[in-house]
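Protein chains in written order, with this note's numbering: chain A, 1 to 326; chain Y, 1 to 243.
Just so you know, the hints here were simulated from the structure itself, not pulled from any lab data.
Hints are not guaranteed to be accurate.
30 Å max Cα-Cα, derived DSSO-like pairs, lysine-lysine [said to hold, decoys possible]:
no., chain 1, residue 1, chain 2, residue 2
1, A, 27, A, 64
2, A, 82, Y, 80
3, Y, 80, Y, 132
4, A, 212, Y, 80
5, A, 27, A, 181
6, Y, 80, A, 64
7, Y, 19, A, 27
8, A, 212, A, 123
9, A, 181, A, 82
10, A, 137, A, 123
11, A, 123, A, 82
12, Y, 80, A, 137
13, A, 64, A, 212
14, A, 181, A, 137
15, A, 82, A, 64
16, Y, 132, Y, 190
17, A, 137, Y, 19
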Amino acid sequence: MTQGRMGASGAPVVSFENVRKVYGHVKAVDGLTMDLRPGETVAFLGPNGAGKSTSLDMLLDLRKPTSGTIRMFGSDPYHAIKAGRVGAMLQSGGLMPEVTVRELVALVTGFHPRPLPVEQTLKRAGIASFAGQRVDKLSGGQTQRVRFALAIVGECDLIVLDEPTAAMDVETRQAFWVNMKAEVAEGRTLLFATHYLEEADQAADRIIVINKGRLLADGTPSQIKARAGAKRISFRLDRIDEPFLLGLPALVNVEIRHDLVQIQSTDSDRTLYALLDAGYRPREIEVSGVGLEQAFIAITAEDDRDGNGTTPGRSDSAGVASYAQH
Amino acid sequence: MNSTLALARAEVRRLGRNKRYSFFSVGLPVVLYLVIAPSARHYHVYGVAYPAYYMIAMASIGAFSGALTGNAQRISQERKDGWIRQLRLTALPANAYVIAKIIASMVITVPSTVLVLLLGRFYGGVHLELWKWFAIGGTIWIGALAFTALAVAIGYRFMPDTVQPIAMFVYFVMSILGGLWFALSGFLAKIGDVLPTYQVTRIGTDLISNQSVPATAYITILAWFAGFVVLAVIAVRATAETV
Ligand SMILES: Nc1ncnc2c1ncn2[C@@H]1O[C@H](COP(=O)(O)OP(=O)(O)OP(=O)(O)O)[C@@H](O)[C@H]1O
Ligand SMILES: [Mg+2]
Chain A
1 MTQGRMGASG APVVSFENVR KVYGHVKAVD GLTMDLRPGE TVAFLGPNGA GKSTSLDMLL
61 DLRKPTSGTI RMFGSDPYHA IKAGRVGAML QSGGLMPEVT VRELVALVTG FHPRPLPVEQ
121 TLKRAGIASF AGQRVDKLSG GQTQRVRFAL AIVGECDLIV LDEPTAAMDV ETRQAFWVNM
181 KAEVAEGRTL LFATHYLEEA DQAADRIIVI NKGRLLADGT PSQIKARAGA KRISFRLDRI
241 DEPFLLGLPA LVNVEIRHDL VQIQSTDSDR TLYALLDAGY RPREIEVSGV GLEQAFIAIT
301 AEDDRDGNGT TPGRSDSAGV ASYAQH
Chain Y
1 MNSTLALARA EVRRLGRNKR YSFFSVGLPV VLYLVIAPSA RHYHVYGVAY PAYYMIAMAS
61 IGAFSGALTG NAQRISQERK DGWIRQLRLT ALPANAYVIA KIIASMVITV PSTVLVLLLG
121 RFYGGVHLEL WKWFAIGGTI WIGALAFTAL AVAIGYRFMP DTVQPIAMFV YFVMSILGGL
181 WFALSGFLAK IGDVLPTYQV TRIGTDLISN QSVPATAYIT ILAWFAGFVV LAVIAVRATA
241 ETV
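Using the sequences plus the hints, can you model the full thing?
See below:
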């Protein structure tokens, strides 16, 4: 028994190996390889059409990969799902109409091999107050919470959520994450797709960015930010020497407008010291962090440029060493 | 299996609450029977008194319309909404959804059929040996099972807005040419002869008039039944990726 548990905990919870899904000439997922380790909270990011839902659907055995393998707890996802080890919420999941919320939750709870008390699930999902209402009479955000409830009706080891907070208002979204963090604190692994970058930044230990079906970045939120240039430095300088500025250390991107210089740098201290050591005395120095949102835009924009066949590394948006003078 | 039955129970509860469903499968045939059977008391069709024929026709109409149009529409809508996908994420066995739909449809057919047969007995004055009541009910029930299979095929294959006209078309062709709205004779009866609806009615009337039922009646019904099941299996398999 103990040995079995240890063996299981060492294996990745989820592994994608060179997974592809092709629709005609659309490569929805194009050679995705990734592993999820036990207990991790992973945000799955990517612009519309990046292949997030396709990947999650394949993980949940709703669609078959064109090629490649997906494993869950070291075996085929179908078996893990039928053993009740996964709680999932789909982007395109529907509910049974004509029954009350409580009836629906009770019904789905009954399907689970390790069910939790219905009243407790209603409370954890924040839907107890409208449990007597009919499922087809709910608002968009209430429906979303009921779908979340169905993902947590039993004890599971992995939770997969595809845009769980879409359609939720700010307060509901915050309450959702409070509940979600409690689920994760019990040692569950969480994989969620989202377009809300603050929520990825706050909730996730790890961020995976995909675009056009391919993996673009995989790391902690701070690593992702660092990749796009973790700090933004801005200052005014009278006599601007472009080649010198472009040669500064740890530099990601430079923008110049008249006497205003804006730099993205992976190490703002080093960049700034090099500037000062060279004898420059810039005015109005400001150093600020780059948000995940800017990092995300930079990473995907860079990928889109590469994919479009234009010269990489020349643009006034962040991501690669470049400059623009106006 | 227990959880599939739980799902079937929930489906029955939903159908019972659905007014549209109750109207077409119970309300309409009962009202038509109450209105039309007494006025045609002295006519004879298919070798039986009109109220006896009409009892079988109305029981069939109720059973088949519920099985076909009700189920097809719901299955298609639930597929579009993603409820079937949601169920696939639970520990329910594969195909539990379809099996539960069929069980529920067959359970809900029973009270509406029994109600019309009881009307035939106590209001239409139809007197039969006990086994014949069961034989008639059983034949209608098998017919409803065949139409449930067709509903699965249509519901899985088409989107809700196309399902409605398709199911209605099949329903009207099958019920009119099957002689469920009025008894057929001559050329129409020749066409009706190949339809399961017509054969269900004829088996009933033959039983009532003590005639021997031709084997072709059973063969016709079973052939349609098999055909609908094949269509259903193909449709469910073909859409495994998109539900
Ligand atoms: N059934 C399908 N048939 C054809 N193309 C499809 C199908 N499903 C997805 N695609 C295509 O695959 C690509 C990836 O779609 P997917 O839904 O996985 O994106 P996503 O990252 O979830 O986007 P969003 O953020 O908008 O939800 C898109 O180009 C989409 O058009
Ligand atoms: Mg999506």
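Where does the structure disagree with the numbered hints, that is, which hint numbers, in rising order?
Of the numbered hints given earlier, those the structure breaks are 3, 5, 7, 8, listed in rising order.
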